[in-house]
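Here the sequence shown is numbered in the working numbering, starting from 954 and rising by one per residue.
I should point out that these hints are in silico values taken from the structure, not numbers from a laboratory.
Warning: the hint list may mix true and false statements.
What the hints assert, rightly or not - Within a straight-line C-alpha distance of at most 30 Å, the following computed DSS-like cross-link-like pairs (lysine-lysine) qualify: (1) K1037 to K1159; (2) K970 to K1240; (3) K1037 to K1124; (4) K970 to K1159.
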Amino acid sequence: MNKSASPSPLTAAGLTKSRRLWIALILGSLSAFAPLSIDMYLPALPTLAEHLQTNASLAQLSLTACLLGLAFGQLIVGPLSDVKGRRTPLIISLMLYAVSSLLCALTGNIWMLILLRFIQGVTGAAGIVISRAVVRDLYSGHELTRFFSLLMLINGVAPIAAPIIGGLLLKFVPWQGVFIVLAAIGAIMFIMVLFGLPETLSPERKVSGGLGNTLRTFGRLIRDRAFIGFALSQAFITAAMFAYIAGSPFVVQDIFSVSAQGFSLFFAINGVGIVIFAQLAGRLSGKYGEYRLLRISLVIAFIASLLLLVIAFAGGGLIPIAVMLFLVVSCVGSVGATSTSLAMQSQGSSAGSASALLGLLPLLLGGAASPLVGLGSGLTAVPMSLVIFGAEVLAVLSFVVLVRRQQQ
């Protein structure tokens, strides 16, 4: 059989404007698997624990299992996509995601649910890691930044919409309905990828060498000062956002007595800020360059976090704290778009592995930052502000020590 008869991989040159938007919709939806898998499920935790006759701690462990699956699944699927191509691992993972989500709805045992949630996280990770790798297959330079910012426009809606959708679902269906909807989303994405996303990794760029080569690739990436500097800058910025997510409900609702509906609006405004800053980065990258925009974004986030800490220590009111949090959180959009683009620029032959590390580090550091917020008394905004400031300091140091000095 003639091998040349196999379909040619998709390239950016072969994309019309409408096809480009369709591909962006698919990839943006794939990258939204993390907030969909986590945030839609949060409102169901109390009723789930009651139905499965378990305690809150074990119910929350099912959430931790999904997070671990999302984190480490990227380390498996990312390198695998460099070897087998993007399409096959993604199609298989989406099918398994839909099945595991459906089984979550059918289980009556908390330990089985925890196992299934881990599998759901691992298979959902494929969408996150492969979507970034596909973008790198198709684009480079400023076009790469613009496409990442377009992904964040689509993906930025998910963290805002997911808990709202989950809450609305629970008004009409039991907790199992959330997982049935997630299974349906997985099935829809399976169909969209099967018929709408061709292979983007050309045969000559596929990696061979098995596990040993994968480990060597990860070792090379970790020793690449510029790559790891961009990755850590993004990861620490994301850790600051995790601290905000963990601490802001208590600060806004308990300390400043804002209603749950008011907090939802507050949370949504900051989510819109992420989208706006990401779009600004995409539009301005051609004029000012990703490196300069990343540096400006890190400075804005650092100054805002410092002012936030000062305001918190001084016992300031809700409005100045809300303004500083808006700036801190919004910079996640511009830092994410520029740092991801810069980190992926030189990783054409190992885009899957690079994407895996870029996805793993924010989850690990974010998971470490969240519990630190709860170490305070819960009576002031100082603990949250301290963690956010510390993360911003480390983000700036990562950029200055690992990236900027190498550029000089």
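Here is what the structure says about each hint:
| no. | hint | result |
| --- | --- | --- |
| 1 | K1037 to K1159 | 7 Å, holds |
| 2 | K970 to K1240 | 22 Å, holds |
| 3 | K1037 to K1124 | 43 Å, violated |
| 4 | K970 to K1159 | 28 Å, holds |
Violation of the numbered hints given earlier is confined to hint 3; every other hint is satisfied by the structure.
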